[in-house]
Amino acid sequence: MALSEGPRASNSAANVASRLQKELMDIMTHPTPGITAFPSSENLTTWTATIDGPEATPYEALVFKLTFEFPANYPYAPPHVVFKTPIYHPNVDFSGRICLDILKDKWSAVYNTGTVLLSLQSLLGEPNNSSPLNGQAAELWDSDMDEFKRLVLARHKTPEELDAA
Amino acid sequence: MDHATLVFASVFPVPTLSHTTPTPLATPDLGYTAPGSSFGSPFAGTPGAGQQHRSVKRNVAWSTATRFLGLESSGTSGRGGGRRTRDVEEALSYLLVGEGRLHEGNGRSEGGLVEWFTNEVRMHFARVVRPGLRELWGKEVELRTAWDILEETQRILAQVQNLYSQPFSDHIIPFLHQAASNMTIRPGACRDGQVVDMEIINGPKRTFQREIHAAFAHSLPPKRFSKTLSHVLYDAGCRLFRFYIRHDGVQASTTPENSKEVRDRMTALLMGLESVGLGGDKAQKAFAHAMNKIIDTFISSHYVKVDWSSRRSVVADMRNWVENGFCPLVELVLECLRCESTDVDPAQLKQWQEMALNRLGRSRVENLFDFIINWDHSVGAILDLKEYLKLDGAKEHLKNSFSRQVSRRLLHPGATTTYVLNVYISIIRAFHKLEPKGVLLQSVARPIRRYLKERDDTARIIISSLLIDVDDEASSKFASNSELSYEIASEMAKPFAHADATDDEFNWNDMNWQPLPHDASPEYKKSKVEDVIYFLLTLWDREDFINELKNILGDHLLRCQDAEYQKEIRLLELIKVRLGEDKLQACEVMLRDMLESRRINDTIRTATETSKRQDKILRTPEGPTRGLRPRPPTSTPTSAPAAPPAPTLNAQILSSFFWPVLRDDDFHVPAEILALQKDYETRFERIKGMRKLRWMNALGESRITLEFEDRTEEFEHLTPWQVSVVYAFQPQPGEEWAGSTRKGKGKAKTKTPGITRNIEQLEESLEMDEALIRQAIAFWVGKSVLRETAPSTYTVMETLSHSHVDEDAAAAAQELAEVQAQQTSTVKSQADVLNEKRDVYEAFILGMLTNQGNMGVGRILMMMRMMVQGGFPFAEDEVRGMLVQLEERERVVGLGGDVWGVKK
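If you're matching them up, the sequences are chains A and B in order.
Numbers in the working numbering are just positions in the first sequence, counted from 1, shifted up by 169.
Numbers in the working numbering are just positions in the second sequence, counted from 1, shifted up by 1257.
So here's chain A without its partners, still in its complex pose:
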């Protein structure tokens, strides 16, 4: 596998690459509906992922793109995950950063890209309002779902719109 690695490419970089390749293979062999992910380039350490908004949530029928950046000591450290599609969500700030325990202190090496995406998908339907990054969204979620939905749709952009921007 010809990976364009830096001069400090070492055994650990090769380990990360093989682990990521394995994960990619798993995702491809056991696809989960509504979730896809694929490396952005020859370099396996950055991926782009797509999740469909879960049904019966304000995000239904919306498509969200995310980027994954895997650290050199992955899977012993969590990937850095950011929403690329603007999203209005209690646990995501306006630059796309996510507040999710398994991406922070609860990270474990048994998680992988697939499980992270599944967690994020379920986070869309069940936000954790006790520690919001977006306070207004957290309040609206509990108080005014219609307004919440309106704001979600107002903020959302389709991938095509994103590309055009």
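Keep in mind the hints are simulated off the structure, nothing from the lab.
Quantities reported herein were computed from a predicted structural model and do not represent experimental measurements.
The C-beta atom is built at its ideal place from N, Cα and C for all residues, glycine as well.
Beta-carbon label-pair distances, calculated as ranges:
# : chain 1 : residue 1 : chain 2 : residue 2 : range
1 : A       : Ser209    : B       : Gly1837   : 32 to 38 angstroms
2 : B       : Asp1801   : A       : Ala241    : 21 to 27 angstroms
3 : A       : Lys191    : B       : Lys1935   : 28 to 34 angstroms
4 : B       : Arg1849   : A       : Ser288    : 25 to 31 angstroms
5 : A       : Thr215    : B       : Glu1800   : 19 to 25 angstroms
6 : A       : Thr215    : B       : Lys1643   : 56 to 62 angstroms
7 : B       : Gly1837   : A       : Ala241    : 18 to 24 angstroms
8 : A       : His249    : B       : Arg2137   : 35 to 41 angstroms
Let chain A serve as the given structure and place chain B on it in line with the hints.
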């Protein structure tokens, strides 16, 4: 010559005795009359007259002396004999020591008697002896006559030398002696007069001898002579040392010769040659040639043949021979040739030993490849080479030569991988003996390792061989099955020696420590574990090897019959020691899966209490869940009237994450088994909590009993699809069939043929691949269970007929089934990878297009090649084909220009 003739000749000189004038012939100086002196008086007191007088006197004396000394021209009998008369004596005395002696002042006009005699001898030799010698030496000397010719030559020359020197010593030397003694008496003689005397006598004598020796030497063709002499010496050497294989093509006599005789004959000849002046430089040169050849012959002789039986080095013998066999011969010859120093210098001896060793080494190196192939028996040769390697330049020579041999004889497409591996193992062993530091091995093995890496089947052969039990009955497989290397298997069976933990280089107490050879690279570090397996396991990067190991171990475990898996456990432990524990986790999990499966089976079986017979089943799991390989159970297509034994099911639960990609054909297993599977599944989930089973029906093994109208047959080690296919020949509800009479359902229709199915029906009912169905059918036809009644239509053979048609068809089908069975392994074959993996590839394409936007075919292919684990062995056409299919299913859209995007 009779006396009368002599008398006559003394008065009237005859032409034959014409040497009556001093040589060179010159007109005697009669002097001249000085002006003013009286004319015609020769005896006048003038100095001129004295001169003239002497001249006459000398002429007379000369005539007498030469006539006396003259050699007869015919024959070698020599001078006419006769005693010295007084005249002659006077004449000789006059000429040799008296006034007639050659004076310095007389210029060159007169020749001395000695010179004359020398010349006479030379002439005589040329006239009489040389033609004879010419005849002897005129043509190429045949090897077998060499001795005779040399001896004859020596004899002739000795004879003539005797003939010539006889008169010289009889008639000339005494006068010289006399003169010498006169001189000593003469007062004023110098103190070392004695020496001068000897000079006076010996000088002419030596000159004379030198002259005749030169004549002798010139009479023989020099090259031919030295060649012949060299050959004779070589021949003597060969006889003395009893060499049977000789380099000159002469067949050695088989009867042992008396070496003393040979020695004496040689000594006599050499001494004779030396005495007639044929020794000296030329003979020494000839002997040097012979020595060279003798050493060569020795090296190729039986004395230093590779010691195959007692397996030791012959170098010591060789040194011993050089010291105690060769040197004495040389000394003897040198003595005969009267060399100055007849002792062999110790330094010289050492040089010869090295020279011999060098030749021995080179001859061993030439055959090194054969020694390697016959390793173990050829230890002797390797030990010889070990000595040889101590010489300068030996290593380079060995390396180059061996590399050439290897590339010519081993690294070609005709050699099977197993063979190459076996030879490589022999090389490792032999070179380890040759040079324990391993530097040499490293450099000669490099091309072999590179070559082995290129071969696809190397890893498979190594690992499968590692898994073979040497003591097993399967060991008979080695001969027939070239896929397994007995060498590797036996190597694996050896106890594993733990390397010392201490670093050799820092073990100050190691008295056997040696520096690394000079050709070792600065970073060279001998690996601590240095056995054959180590070299084989380090052929690849660890990762590649472990992947291959996983595949083969997986296949092996699934086929394995040993319930304890002892051998596999041991193997894994051994590999762990060698490759490190961390990398073999997957293999350990695989092994543990197998062991745990047994436990779970037991638990479930006791729980269900249904099993009367056992069968194993196996599967791989799904995601975090685990899988089972079902071993479909005993099924009875034609169930017996009595309650047939209920099928039983055992499962092997595999953790899919760790196992290699396994064969996974989907088809319907018989309903009874499906029920068992469901049952097993629920119980398993109860035991293992949340885990789910995914059955892999393609793997597994079953045993069934088939009951026909006229027979009952048991089959073991069947694959599930074979069982499923034969099970499909069970009567469906409402179907009538031959066996129903026995089933006791009432309708006795003995003439009803057996159940008939065609391929299409089977494909439909089993949802199995046609290829697989055909394969299973072929198997059953081969077993005379089914019969093809119409194209693609098969019927159960309820009664076994013995018609030839059936038997032939059965035989043919059996053959086919065997061929097919070999092609079906539990681990996936590459052939239908595209179809099997189509889903995965499509997922890749969709994932790529969804996340990365629209792409061209070329880029898709590039990404596939890079991202698909295990490689993507297809080209743009296949990618395009898949894209078109996806487009048909409205998953992607072609955007033109070979660019594709996901369908929204």
